[in-house]
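Chemist: Here the structure of chain A is known, so what remains is to put chain B in place on it, guided by the hints.
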Amino acid sequence: MKLIALLSIAVGSTAFAGDPKPEAKLDAKTIVDKVVDADPFGMMDSTLSGRAVLHDKNHDERILEFRLDALRYKPGLSKSVTRFSAPADIAGVGFLQIMRDDADDDRFLYLPDLKKSRRIAGALRNNSFMGTDFSFADLDMRDLRESKATLNGTEKIGKFDYYKLDVAPTRSDTQYSRFVMWVRTDNFLVFKWEMYDKSKVLMKTYQASEMKRVDGHWYASKGRIENHREKHTTDMFLDNMKATKVADTEFTVNKLEKL
Amino acid sequence: MRAVIRRRWLVLVAIVVISAVSAYSARAIEVRFAFRNFFDYPTNPDVATVDRYHDYFEDPAGFVAIVIESRDVFDKQTLAYVATLTEALEPNPVFSHVRSLTNARAIRADGDSVDVGMLLPQLPRSPADSDKVRKIAADSRLLHRLLASEDSHATMVAAQLAVPPSSSTLPDLRRAIEIVDGVLWTHPPPLGIAIRVTGAPVLEVEASDALIFDQIVFTPIAILLIVVALWLAFRCIHGVAMPVIAISCAAIWTAGIYPWFGRPVDMVASTIPATLLVYGAVDPIFVLRRYLDKLRLGRAKEEAIIETYQELTLPCLLSSLTTAVGFAAFATLDLPIIVNFGAIMAIGVMLAFITTMVVLPVLLAILPVPPPLAISTRIATRIDRALAASWRWLARQRRKVVVTAAVLIIGGALVSARQTVSVYYTRILPPGTTEDDIRFLERQFVGVIRSAVFLEGPKDVMKQPKVLQAIAKISDVAASYPIVTAVVSVSDMVREMNRAFMSGDPKELRIPDSPNLTAQYLQMLDPADRQRLLTEDDARSHVMIFSMDQGTAAWRPMRDAVMATARAELAPYHVDVHMTEQSPAGFDALDALVYDVLRGFVTAFVLVLVLIAIVFRSIRIALISAVPNLVPVVACFVLLRVFGISLRVGTVLFLSVSVGGLFNTTIQLVARLRQQLAAHPELTPDAAIEDAVRDVGPPALYTAVILSLGFAIFGLSRFPDLRVFGLLASNTLLVAFVSDMMLSTTLLRVFYRWRKP
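If you're matching them up, the sequences are chains A and B in order. Per my numbering, the first sequence starts with residue 1, numbered consecutively. Per my numbering, the second sequence starts with residue 1, numbered consecutively.
Hints are computed from structural coordinates only; laboratory data are not their basis.
Listed below are the simulated DSSO-like cross-link pairs for lysine-lysine, each with C-alpha atoms no more than 27 Å apart in a straight line:
1. B/76 x A/198
2. A/116 x B/466
3. A/200 x B/76
4. B/466 x A/115
If we strip away everything but chain A, and leave its shape as in the complex, we get (with noise of 0.2 Å):
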């Protein structure tokens, strides 16, 4: 808890004056929808350049960076191309995602070395992203859109107050079979979120340890990601954060080749 209280203030210290009130009694579907909405990670109308780092158990290194942008085209639905520049031999890798909401997402990957991209098949939205802790479901937040949520309360963590919330994820294909967010009550964004596998087993946690908000939009800018029983940690920050609508064209193989 005490730990929680320290990254609070972190949280807490890039924090906007003016902050909205906030909203009361809102209802645990409410909250997580505002939670999907709020898209900590800007998938969804965003442009960012970030930078993951990646330690396994033995606490050696792999820094990976990128650029991102994003485009909702529909409600709850975006477009994505990352485009990794780091490390060297991995610099120019792409991966377009377009999200369905009727049929798999369509993924590709663009390796320069092939001179050609690659659809992705299966399920792939339970695996990693690149190499990260994060999964593909993790960042899109597709598992809390199709969830039943439960609110347990508030906790005020240092300076600001947090929403309590179990969440079941509904979907079939899910990893997971429960979550635990504590979510600010001013901008929906989750600090801390627990992610229980089909066994009840914690799986994963993620904690942010700064938010930032640009052009109104709020981004998780800082956070860590631990998979437990790997024992695999990744640090994930973003940076350049910039809220934009990303002309739709971007987002077709075509472009991820050429780029």
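Modeler: Just chain B now, with coordinates in the frame of chain A:
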């Protein structure tokens, strides 16, 4: 001795108190079979490598495996059951991971797409779906034989212990097995599915139980044997009760000391109680026999005790000392398993000497004189007559006996020199279900012997195509050996990824030449899969080699070829290579154990000869003693060679226990001969030897029979190697008696420096 007899009651109270304290201390003894005990000791450089390796990559010894057999494990019903078991086991904190077909990932091409996700995103809906999954599993080196058998009749759910067996207690391992049993009880297999539970924890628990069973069986049988032998020899309660009490005191005192060494009773140490009991019987038999002789000559009880001890203290001390030195020689070696055995046995033998010198005279002084039948046993008379007659015959065949002995030793040494050392990992285990399951794992899956080529180099080196190609070459060299069942390395991941990105073209199952492409493939891996084969900085990796347990003689050539390839291929990239893992470390240590036992035997043998030379002040006697005691050992090696049995722990262990017993009769014979010559200088050499044979022969025969039968009880062990050990030790000590009666006497007659008339 007079002081002990005078304060007999005080001494008795002291004996009872010491025994009670020892018995209390002995409660801390743990009986445990742990493979790691064979190689885990501070001066073994392999341990640090194994531990460092396990810091980076998981300890593979720690999973309880549920083997599920059905007509087709890829059918929906079986896979549904696999999923049920996997999900039921995963929440338990005792297990860190549960691996099965239902949570495995696979890299494959799917038409023009690439799939790097779950092998089974959902259960197969049709036979065609099942066939598709079967083909993916069969085509992947990362799955083939690891989770499903080649014939699709068996699959495995592997529940990895959160705490590896090396750091777990026996109750921890039992608990893990109970949890698996509980899950199987809650989720019984549907009709048509059979289950077996196996894996390293099961193996360790069952082997430990077998050790406990051996102790429960051996110790009473050893005592019973001693009782029967003593009864036949002395035909009175005194003759049985007194030595048994003395021996039991020595055994209890030794047991009290055992926990101070901080080691569990392992396979080698499990021989200590029975060995100590039978060795402990030797001196009391000589003492009791001489005491009865004194009574027969009309001495009073106290006088008989004192005279007996005056005559026997030195030979008993010497024979105990040589026995203890023999065992102590093993305490100077490296391997704790044998050091522990040598030290405990040396202490135990000396404690047995102390009880012979303290407990036995006190009992003789307290208890009434034995009945006349015991004093003049007919059996002893018959034995000494027979032995005297045999000596008179031998005395006429001296030349033939000496030549025969020389031929036996030289011929035996030549045959023995061609013996091979080949130790086993699982074949030392008791036969039964566990052993059957291990053979099943070898036939259907990858087996239980895992060796790892641990690769450590500079940052990012492991993703270089040349390095990955070298790793692939190492894998191919390993896979070319028939004992190898599977090889898995990071090169397989990259090769399979390349094939998947090339639309599944089998020709593309290769490492691409582009450094960027290999890095990009590796980047796509899930952290869980990646860190099983590669560290995050790409500086460390490993090649896992699974093989059948066909002995180190079959395994060593594979290791040497793999290591030679690894060193040659990876040296240009500054990658250090180590062959590591529990099996290689254990194999090296077990091979070393065999050589250590052989070296220890030679050291002990020489030390005993030096001791004999010092005590008898005669190098000649020491050299004479060497020959008759080499014959039984050489005979055992010839037997091993004839029956094609390799040298391994169980088959050389007899040396460590018999070295002490070999010289007992020789020493008693020489000591008696010198006493007779000192008391009766007029005796001719033939008569002096005959007298010594008549005095020493009967108790020596009793002790040889007791020792031999005592070791023969290991023939009842559930451990095959302990059975061989028992039979060889038994054979050695019986042959040693015959050798002493024939060779020692003849060599003394020929080479002893007799006074000229």
